[in-house]
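S.K.: Read off the chains here:
2 protein chains.
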Amino acid sequence: MIKLVVLDVDGTLTDKSRMISVNAVNAIRNLKTKVALVSGNVLPVLYGLKIYIGFDGYIFAENGGIALINNNIEKFFEKDGPESFLNDISGYTSARGILTNRWRETSMAFTANHDEMDIIDREAARRDLYIVDSGFTLHILNKGQDKGFAVKKMMDIMNIDYNNVLVIGDSQNDESMFSLGTLSACPGNASEKIKEMSNYVSGKCYGDELFDVFRHFDLIH
Amino acid sequence: MIKLVVLDVDGTLTDKSRMISVNAVNAIRNLKTKVALVSGNVLPVLYGLKIYIGFDGYIFAENGGIALINNNIEKFFEKDGPESFLNDISGYTSARGILTNRWRETSMAFTANHDEMDIIDREAARRDLYIVDSGFTLHILNKGQDKGFAVKKMMDIMNIDYNNVLVIGDSQNDESMFSLGTLSACPGNASEKIKEMSNYVSGKCYGDELFDVFRHFDLIH
Chain A
3 MIKLVVLDVD GTLTDKSRMI SVNAVNAIRN LKTKVALVSG NVLPVLYGLK IYIGFDGYIF
63 AENGGIALIN NNIEKFFEKD GPESFLNDIS GYTSARGILT NRWRETSMAF TANHDEMDII
123 DREAARRDLY IVDSGFTLHI LNKGQDKGFA VKKMMDIMNI DYNNVLVIGD SQNDESMFSL
183 GTLSACPGNA SEKIKEMSNY VSGKCYGDEL FDVFRHFDLI H
Chain B
3 MIKLVVLDVD GTLTDKSRMI SVNAVNAIRN LKTKVALVSG NVLPVLYGLK IYIGFDGYIF
63 AENGGIALIN NNIEKFFEKD GPESFLNDIS GYTSARGILT NRWRETSMAF TANHDEMDII
123 DREAARRDLY IVDSGFTLHI LNKGQDKGFA VKKMMDIMNI DYNNVLVIGD SQNDESMFSL
183 GTLSACPGNA SEKIKEMSNY VSGKCYGDEL FDVFRHFDLI H
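Here the protein sequences line up with chains A and B, keeping their order. Numbering follows my numbering, in which position 137 of the first sequence is assigned residue number 139; successive positions increment by one, without gaps. Numbering follows my numbering, in which position 135 of the second sequence is assigned residue number 137; successive positions increment by one, without gaps.
FYI, nobody ran anything at the bench for these hints, they're computed from the structure. Check each hint, because a few of them may be wrong.
Since the list gives no way to pick out one identical chain from another, each pair is judged satisfied if it fits inside one copy or across any two copies.
What the hints assert, rightly or not - Calculated cross-link-like contacts (lysine-lysine; reagent style DSS-like; alpha-carbon spacing at most 27 Å): (1) LYS154 - LYS52; (2) LYS206 - LYS52; (3) LYS5 - LYS195; (4) LYS77 - LYS154; (5) LYS145 - LYS155.
All values derive from a computational prediction rather than experimental measurement.
With these hints in hand, go ahead and build the complete structure from the sequences.
M.R.: Here it is as structure tokens:
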């Protein structure tokens, strides 16, 4: 029995330009099961989505680094490492921080030229950090800080098992939660790797898959 | 000719529990005119709305204290006064800060027992601050920091006149922009004072008025 539905945001509830699907909003509002949003984005942006979509559940921001749990903000990682990494690497590569870093507390996000990713990845590894691509921006994170960490944290809090959880996502930074062994689904626009890892691949895309996925897993009728 | 549509958020795009109207989202997406959100809420929450609704325009947060203008964040007031006011007054009244204060940069928001508002208002005035009620929370603001200030700022930037602007809002913290002399409209759930100040009062409520208002002013067909 599914007791928690974990949703990625960008590409899973939204289209490529990040406009949210009103069908996705309606699907979440129709769901009786507890919902969590788990995203690389910052906590206040997810807090806004929680309020304005209007659901009862958890939000984990910065790929699991910080969360709102029962109206308390909990921080699980620090931003010192990611911040000094980005400061340094901006000096000799094309890496540039993005606007939302103002509100990050446990990671940094940036853009960079594709052909410099090798040096950037190597420098991250040397500092015990790693880089993940949400499909919208690059994230520099602490070791162990990923969406899988967030899902395990919620399973602990709710005292539930892998088969009580359904994860839905579309891209590289979702892989850590798809490999846990929970139930899983993805939209038609997901990466090939995520499709291979999914129990169910919807034919619908960019948020319009939610009703289809929820029906497939018997969560709505 | 209307060149800018200024929208309040809570109660104007949302219902009483703050769930956003999908009709309002669709109405904004159908509008060809430039849009601004002006709210007492924090900048990253409005930034999320801008991204996920998907519109080109301005966002002014904290009742005009801070804004995102052409991808730059501009701060027009400071939070020192509001912050020390709230620290002090929490010591001897029921006033308590709310979660989103973590992301406030120019004001503070709080809840308080209604019967203490006289002492709280007097202390605010003594410090050259003032309190406004959004209908959802109380805001302690610097003198001159209001939605009217935000609208005038945008008129300067766009070099447009009062008759080029349509403001839409529902409650006390919208009055400063309704008194400027622009065009104005409100949902059926607006306060009596806002209804009196409006050129057009829609029969529809909580976000569902947007299509009606836009049609009334010939902005969509």
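S.K.: Does each hint fit the structure? Answer for all of them.
M.R.: Okay, the hints, checked on the actual structure:
1. Proximity of LYS154 and LYS52 under a CA criterion of 27 Å is satisfied intra-copy only: 21 Å inside one chain copy versus 31 Å between copies.
2. Proximity of LYS206 and LYS52 under a CA criterion of 27 Å is satisfied in both settings, with 23 Å inside one chain copy and 25 Å between copies.
3. When the C-alpha separation of LYS5 and LYS195 is checked against a cutoff of 27 Å, the pair qualifies only within one copy, where the shortest distance is 26 Å, while the shortest distance between copies is 46 Å.
4. In this assembly of identical chains, the alpha carbons of LYS77 and LYS154 lie at most 27 Å apart only when taken from the same copy (15 Å versus 39 Å across copies).
5. In this assembly of identical chains, the alpha carbons of LYS145 and LYS155 lie at most 27 Å apart only when taken from the same copy (16 Å versus 45 Å across copies).
Checked against the numbered hints above, the structure breaks none of them.
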